[in-house]
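Take the given structure of chain R and dock chain S to it, following the hints.
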Amino acid sequence: GENVEQHPSTLSVQEGDSAVIKCTYSDSASNYFPWYKQELGKGPQLIIDIRSNVGEKKDQRIAVTLNKTAKHFSLHITETQPEDSAVYFCAASRVTGGGNKLTFGTGTQLKVEL
Amino acid sequence: DSGVTQTPKHLITATGQRVTLRCSPRSGDLSVYWYQQSLDQGLQFLIQYYNGEERAKGNILERFSAQQFPDLHSELNLSSLELGDSALYFCASSIMTGEGEKLFFGSGTQLSVL
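Residue numbers (this note's numbering), protein chains in the order written: chain R, 1113 to 1226; chain S, 84 to 197.
Worth flagging that the hints you see were computed from the coordinates, not collected in a lab. Treat the hints with care, as some may be off.
[Unchecked claim] Anything over 10 Å on all C-beta distances counts as not near chain S; from chain R, calculated:
#, residue
1, D1139
2, N1179
3, L1226
[As the list claims (entries may be wrong)] Simulated coverage check for chain S against chain R, where a stretch passes if three residues somewhere in it have a Cβ under 8 Å from a Cβ of chain R:
#, stretch
4, 174 to 186
5, 189 to 195
[What the hints assert, rightly or not] Here are the simulated DSS-like cross-link-like pairs (lysine-lysine), alpha carbons at most 25 Å apart as the crow flies:
#, chain 1, residue 1, chain 2, residue 2
6, R, K1169, R, K1180
7, R, K1170, R, K1183
8, S, K185, R, K1180
9, S, K140, R, K1223
All values reported here derive from a predicted model rather than from experimental measurement. Where is the CB? At the ideal position from N, CA and C, for every residue including glycine.
Just chain S, same shape as in the assembly:
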């Protein structure tokens, strides 16, 4: 168990709908990352928050948005969903060590858009 909690585990919805994915980082971790994993694209970095502020942005669509709250949990909002948005969405929190920033991933949310 990585200590990162993601809910829900599974989400089934229809095209055009909006969903919210939730992530609670490990206790004490200030950074939250969101990744998308699909069969043909692998693990794609979406966005990073650090202590409530957006720190880095990756290949995140304009239909997607995220935020990190004062209690450090984060939410990823996906709107106007399309079939191609079906994927596993992972959140990770991190600690900085002498070697680098080590990421700890949650178990993911499996999103199915029908």
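If we strip away everything but chain R, and leave its shape as in the complex, we get:
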């Protein structure tokens, strides 16, 4: 089955700096790569996602890049703010008619310091 590795496990940045979280996946058939943000006491919230036929996607201060050949994808957050502090999870799946079994990475605790 799919295996997703995520690095780093913790990341501390100064407010205004950029943050980058990286993930690798094992199943070359995976074609959907979402990123979730989990704040304390809440469930994961989808913040951005990308399909394998797209190399990059941006949404305001966040962007995701995908390298299918190397089987890795990254989350980029620019101009970080204190409210960006949370745990971020990457995930991968092969979207088929039989469901969407997302395999999650182990998470990155991002801390944005003032």
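Just chain S now, with coordinates in the frame of chain R:
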């Protein structure tokens, strides 16, 4: 607020007992997923239902079972509980878009087995 409702928020019980976790998906969503989140295992997919039928199964123990009712709410039943079953249990519902199936998570049920 994701629109996915989970009850109860917290559950404390003893080993050997049985509990039921409940999930109401977002209005109109037919799919319900159950995930287990523990400190050492991350987010693990348990099972998916679609319009009342089981669609996909993950790492769900035989002591655990789930169902989705005609009104689309779902219940996860955990029996013969062990200390290791203590975890956060999330339910998610989903919509299919051009990019993929996007999951929306509830706030979770924190289960503590003493």
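Going through the hints against the structure:
no.: 1; hint: D1139; in the structure: holds, 14 Å
no.: 2; hint: N1179; in the structure: holds, 18 Å
no.: 3; hint: L1226; in the structure: holds, 28 Å
no.: 4; hint: 174 to 186; in the structure: holds (count 7)
no.: 5; hint: 189 to 195; in the structure: holds (count 3)
no.: 6; hint: R/K1169 to R/K1180; in the structure: holds, 14 Å
no.: 7; hint: R/K1170 to R/K1183; in the structure: holds, 19 Å
no.: 8; hint: S/K185 to R/K1180; in the structure: holds, 21 Å
no.: 9; hint: S/K140 to R/K1223; in the structure: violated, 35 Å
The earlier numbered hint that this structure contradicts is number 9, and it is the only one.
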